[in-house]
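Residue numbers (the numbering used here), protein chains in the order written: chain A, 1 to 316; chain B, 1 to 268.
Don't read these hints as lab results, they were simulated from the structure.
Please note: incorrect hints may appear among the correct ones.
What the hints assert, rightly or not - In the DMTMM-like style, the derived pairs of lysine to aspartate or glutamate whose C-alpha atoms are separated by at most 20 Å in a straight line are:
#, chain 1, residue 1, chain 2, residue 2
1, A, K235, B, E45
2, A, K254, B, E245
3, A, K141, B, E233
4, A, K254, A, E207
5, A, K240, A, E207
Said to hold, decoys possible - Away from chain B, derived, C-beta distances all over 10 Å, residues of chain A:
#, residue
6, A43
7, P74
8, W75
9, P97
10, R125
11, D160
12, E208
13, N211
As the list claims (entries may be wrong) - Computed footprint of chain B on chain A, listed as stretches where at least three residues anywhere in the stretch have a Cβ under 8 Å from a Cβ of chain B:
#, stretch
14, 22-34
15, 45-55
16, 105-117
17, 295-307
Note that the Cβ used here is the ideal one computed from N, Cα and C, for glycine as well.
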Amino acid sequence: MRTIMAIVEVVDETALELAHAARSLGEVHLTAAVFGAEDAGCAELARYFDRVVNFPLSPGAVFDAEHAAAALTPWLAAEQPFLILLSHTNNGLDLAPLLAARLDLPMLADCLELGLRDEQLTAVRTLYAGKVHARVVADAKGGALATLRPGAFDGDEAIDRGGRIETAAVPPGPPARRRLLETVAAEAGSVDITQAEILVAVGRGIEEQENLEIVQSLAAALDAEVACTRPIVDKNWLPKSRQVGTSGQSVSPKVYLAIGVSGSFQHLGGVKGKPFLVAINQDAAAPIFAVADVGVVGDLFDLVPLLEEKIRARKG
Amino acid sequence: MNIIVCIKRVADTSEAEIVIQRGGQGLEEEDFAWGINEWDNFAVEAAVQLKEQHGGVVTAMTLGGEDDEEVLRRALAMGCDEAVHLCDEAFAGADAWGIAKALAAAVRGRSYDLLLCGAVSGDAGGGQVGGFLAGLLDLPLVALATCLEVGSGNGGTGGVARVRHEVESGLERVVEVDLPAVVTVQTGINEPRYVSIRGIRKVAGAEVQVLDGAALGLQAAELGSAGARVRLEELFLPPRGEGAEVLEGSDEEIVQRLVEMLHQRGGL
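All chains should be modelled from the sequences, with the hints used to inform the complete structure.
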């Protein structure tokens, strides 16, 4: 039976997605490698995985890619799994390519689908921020590594696998070349968009900082908060506390109005709880239209002021 | 403080219609606007700023066809001192691994404290090249840097950098990393300087070192599509799925319907 190793950063939904993707490849023996998990976390993983290997962390330590790569490289080289799976998260970006290079394995990054054809691993991944999809293939005879986009796979169903739980013995290595100094939260702003019921999110399509005014004005008419995508924060047009996405805030409003937002997975990763999603965008091929409930293909500079006017008129 | 910054010329497709070529192996590129990968622009700026503070030499490096030289000229105009163009017809069809191997071969033997890359590219977007380089060159890696400062460092003989980088849940971590190191740069780390046409003209005469596969000591089987570990089978347009209900009509009609819908969904 083929062995698959899932590298688990934290015991959450992404771990179940790795499990589900692995099981979809046929009869496999599935191991979770996890770092510094509590007993309860290991027990939870053991319901989905056939084996759980817990790599201990020193007190106070957190998951760190440099440490994980040092601990995992000799272990994986000895175990020789058919496939190594990780989530394509920020930590995954820090760890997975390093691991693939050290183990000299082919790597499929940021996969939306995963399949097996003889000894070849197939995947679907995105190009150009989701405007194009590509079916790619890697020869997996000597093993392979793949990272999976969070949320792209279903989570595995809970059937109790009764996985064996072990603690890995990590031999002391050379001193770490990278050392954690501190963990910092994104700067706290005066607004908390995570509590808003209605969000008006603005993206690159707004073009100029001065144009933000029409969005702010619409938000005021809706009693909504203004949210934004990463490029708006990168330009310092709005504070980081308003950024929605995997590197920003996770929000779960009732209504989400996306204005000039292309809909990258990094942005949509922060939109939780299936809000009523309205997208206004010039580009009919923007990925946002694939996930929106309602879409308007048109010029936001005409539509947004008009929408504000109608809303104010209705409210009286 | 010697820095090598790896950059890539990519197509900006945000305004372009996507047309897949018959056979699914490429895109119709006529309408594409080309330029430096967005993340790499921040990486070049970070490299130049560090040089301005600490002195040293910044080398911009790219792998690609003849047209790709334009991003090297742009990097020179931003303040890079040297440019290296890995250019060989045999590089065509290289995957991220092949690109990293060629870059690693070009980097070996040079003296540097920092190897900077954009964290991801706007085209393939796998975010792999920086990590591959760290693995191939046996260097420590910090991915997704949002702040980068260096202490000492004098041409690969030690020193440390202090790097703030993105991890999960909107958190960032500050790490100290021994130099030389690979750091991949996230957008927003700085404000990249404006590059004028005049600035580009000024560096028109600057020398760009061109290296082919043989000069890098690479075998034909390692290059381009021959050496690719990940092969493209087919490009296709993303399935629309259920997709959005697209409102049609005049702006007036569309907006009126939107207001009704927002009302029904509790947005008013």
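Q | Numbers of the earlier hints that this structure fails to satisfy, in rising order | A | 4, 9, 10, 14 and 15
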